[in-house]
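Model the full structure from these sequences, guided by the hints.
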Amino acid sequence: MTNATREPEVTAAVAREMGVTEDEFRRICEFIGRTPNYTELGMFAVMWSEHCSYKSSRIHLKTFPTTGARVLKGPGENAGIVSIGDGLAVVFKMESHNHPSFIEPYQGAATGVGGIMRDIFTMGARPIANLNSLSFGAPDHPKTRYLLGGVVAGIGGYGNCMGVPTVGGELRFNPAYNGNILVNAMTVGLVPEEKIFLGQASGVGNPVMYVGSRTGRDGIHGATMASGEFDQQTEEKRPTVQVGDPFTEKLLLEACLEAMKGDHIVGIQDMGAAGLTCSTVEMADRGETGILLDLDRVPLREEGMVPYEMMLSESQERMLLVAQKGHEEALRQIFEKWDLQCAVVGEVTAGDRVVVTHQGQVVVDLPVNPLTSGAPLYDRPRAEPANLRELHDLDLASLDAGGSPADTLVKLLGSPNLCSRRWVWTQYDHHVQTNTVRGPGGDAAVVRIKGTRKALAVTSDVNPRLVALDPEEGAAQAVAEAARNVACVGAAPLAITDCLNFGNPEKPEIMWQFERAVAGIGRACRALGVPVISGNVSLYDETEAKGILPTPTVGLVGLIDDVAHVGRAGFQDEGDHVLLLGEATGSLAGSEWLHVLHGKLGGRIPKVDLEREKALGELLRQGFRDGTLKSAHDVSEGGLAVALAECCLLGSGSGASIKLDPIDRVDSLLFGEAPGRVIVTAAAGAKKLEKAAAKLGIPFRKLGKVGGDSLDWKGLFRLSVATLRDVHEGGLRAITGA
Amino acid sequence: MKFGVVVFPGSNCDHDCYYAASHAAGAEACFLWHKDRDLKGSDVIILPGGFSYGDYLRSGAMARFSPIMEEVIAFANRGGPVIGICNGFQILTESGLLPGALMRNKHLKFLCRDVFLRAEQDAGRTPFTRNVEKGRVLRMPIAHNDGCYFAEPHLLDRLEGEGQVIFRYVNAAGEITEIGNPNGSLHAIAGITNEKRNVVGLMPHPDRCAEELLGNHDGALLFQGVVP
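Going down the list, the sequences are from chains A and B. Going by our numbering, the first sequence opens with residue 1343, and the numbers climb by one from there. Going by our numbering, the second sequence opens with residue 4, and the numbers climb by one from there.
Because the hints were derived from the structure by calculation, they are not lab data. Even glycine gets a Cβ: it sits at the ideal position worked out from N, Cα and C. Keep in mind that the hints are not guaranteed to be accurate.
[As the list claims (entries may be wrong)] Heads up, simulated BS3-like pairs for lysine-lysine below, C-alpha to C-alpha not over 30 Å straight-line:
(1) B:K38 to A:K1603
(2) A:K1679 to B:K43
(3) A:K1792 to B:K38
(4) A:K1485 to A:K1849
(5) A:K1792 to B:K5
(6) B:K38 to B:K199
(7) B:K112 to A:K1753
(8) A:K1956 to A:K1404
[To be verified] Computed from the model, here is a short list of chain A residues facing chain B with C-beta under 8 Å:
(9) W1680
(10) V1774
(11) Q1775
Structural data, given as structure tokens:
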């Protein structure tokens, strides 16, 4: 091995620098019966990294329900797939790009969006919608404006150029994210069922081809970086953040979809985290074959790159595919038409080894299995956080109202977590592809499917404060809220993807949160009949030992059979009845009220009744189908008063007059939070709705009527819609400066 | 009647324009690959929105050198109707088919939202505005980084004098205001035509508001107008 002489000698200490523990290093040596060379060790390091191997989370993720009548592909592929009938299927997944986005917000976020879109189109699907769930530090933290501006511009810069509409998502601020922002990007794609492609190698002798951009030195060991905590030296890791080129990715998308029309491709996988290593190893693993790779044929951006760098580069906009033998020329013509690199770099071999050659020498010769299923599996110790009891025991009754109801509503409606996100989503192209029936700003976005009557509803949800107070319950409620949000536009949930963002799993308290949250998602999914079809885990979201709020983001896709029955959130016509489905009074535990007015997190959160949530979803869908309902809006953070204000702002501009007296304290009625609540409006259909609700056991209450130019809650407050709008629209100004 | 939609590398509204032409205008449509020189018998040419060549260097600056553009320019010079939308408008100014330039938005950010446009010329001034009478206010989405129309004063005078300003940004009431002009365009110009009035460029997207399902079909007027 000529190159081995140029490579550093491999020792346990070298392994540790790559994030491989002493024990793991010993296992690697045992697996292969010798000490790996430097390149081989690098391959193990990335394949066994938390990011690629899910070594701390896998035993828990196995408990998710992942099957269902519509599920065509569950977790384990590049993304999950569900059938929607008409010979069509929906492909989706959410993925984190947290660490890179903190180090370099524009490129970190941009390449996160680029990566998740490649995961979708590598399966043959055209991306039709993007969402992103963003968590930033305190609004007044010195880095927040810079990070927010960079991330939003990066998401827009990539998604807009790709021509994929960014139709929804979330944005939150909490000091717990000061040192670790979260950028979770989700893409939804559409594919004809008979044109689904998988990332697997098969057919001994079939050529392995490399398409897309050239390989450079960027992003080496990105996956390893994403698997460690941050410290003060993290900023020095900027060179490990990849640089995105959305233009090239747009060409790659079109070229791949064109190539997939024929029968040229056997399997295809994008080169994302751990680049050439991961794509080669995973394709061989899924296909139970070997692969021979010749690095001399890999298109390079820079001279003098060594095998280690080529195998670990995370240069963007690249794909590895296995072609049908004899179709190389046809593929070359397609990729050249789109001005992209295209090279045969190897072939599928019998056996189970990944062999890599460089300058005529074998530089890597590893069995596939140890790199994948051989990765360690940790059942890490778990323990309930010591301070949890203290948080639960927070005496909510002793907290004062902090102002008049009107003052508090104004304060909440303009607060960073509840105010308008217009500044964000006007930077995203949310119309391109001309399918956006409901854009950003509502409960769920809706994109129609051309050539059918169908439409998809998409949303992402989680309330990390609830998860912090009760991980199992909070995570279950994230699923319930997502299902409720799509029901508010008339959709039935199909499946979810998740992006589980947590702190250091080596700490028992974090692992406890993680395990509980996974259990909660599983429980809610089983109860609602919604499988988990894909997902991503981001651990080590810590800086200098301070962890984030546990943030299991849920991305949900729902189906609307007839686009004529899409719901809307805002008040429509004067005189319509304003009705509340669900309990009247909420809880102040973990509420936005508690956060904004008292700067506290605590209390015992109310439990979700999943059977009732399921019935509520049915009621909403039926109401939109038969025309009974004129609008529906989920009551979430900020409670009833904030939700009513949003109904005024999202509709025709009408206000409403409301009459409902408090049972106990006024704050709980106006600003208390609880699952299972939706504000709906109806005209003559209100009677029918009341009967249907009674039949399903859903509390039904008349709140008042749509009309006038203010939101008037008899005896409690009266604010003009214009005032509400000013407050709501102006809320982000202090953070963005615009 | 056949619409030819040019596909540059990085075009991303090509399918949207194709769909609008075939559904809103009920016409035949075809794609024209930028490396080809064949207009495939198209009666109308659309330069769609997107990021041709990634908008690297300058929006629209590279696309004008594509082989197909020589044919599009010849077609326009023969009086054939050509419309450039968003990036297509930028390509039209870069290629000299329309005067002026599109610069970075005044707030320096990509902006995607609905705007209001006022028709500035009599209906029929261009083949695309046959159904849009002077003074009518249309609602259309914009989605661009570089939409601030700029031209030298003498050129602006000529455009105004010759009636080549087709659309101006206004508020819902049809008045020119600073807020109504989202990108800071001079004279609030949103769309113009050439001297022969067969080439039209505009930043807003008629292709994105050409059916009721999307909440707005004002844009259909432009596609329907060019079909006899």
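Each hint, compared with the structure:
{"no.": "1", "hint": "B:K38 to A:K1603", "verdict": "holds, 21 Å"}
{"no.": "2", "hint": "A:K1679 to B:K43", "verdict": "holds, 19 Å"}
{"no.": "3", "hint": "A:K1792 to B:K38", "verdict": "holds, 29 Å"}
{"no.": "4", "hint": "A:K1485 to A:K1849", "verdict": "holds, 27 Å"}
{"no.": "5", "hint": "A:K1792 to B:K5", "verdict": "holds, 21 Å"}
{"no.": "6", "hint": "B:K38 to B:K199", "verdict": "holds, 27 Å"}
{"no.": "7", "hint": "B:K112 to A:K1753", "verdict": "holds, 28 Å"}
{"no.": "8", "hint": "A:K1956 to A:K1404", "verdict": "holds, 24 Å"}
{"no.": "9", "hint": "W1680", "verdict": "holds, 7 Å"}
{"no.": "10", "hint": "V1774", "verdict": "holds, 6 Å"}
{"no.": "11", "hint": "Q1775", "verdict": "holds, 7 Å"}
In summary, the structure agrees with every hint in the numbered list given earlier.
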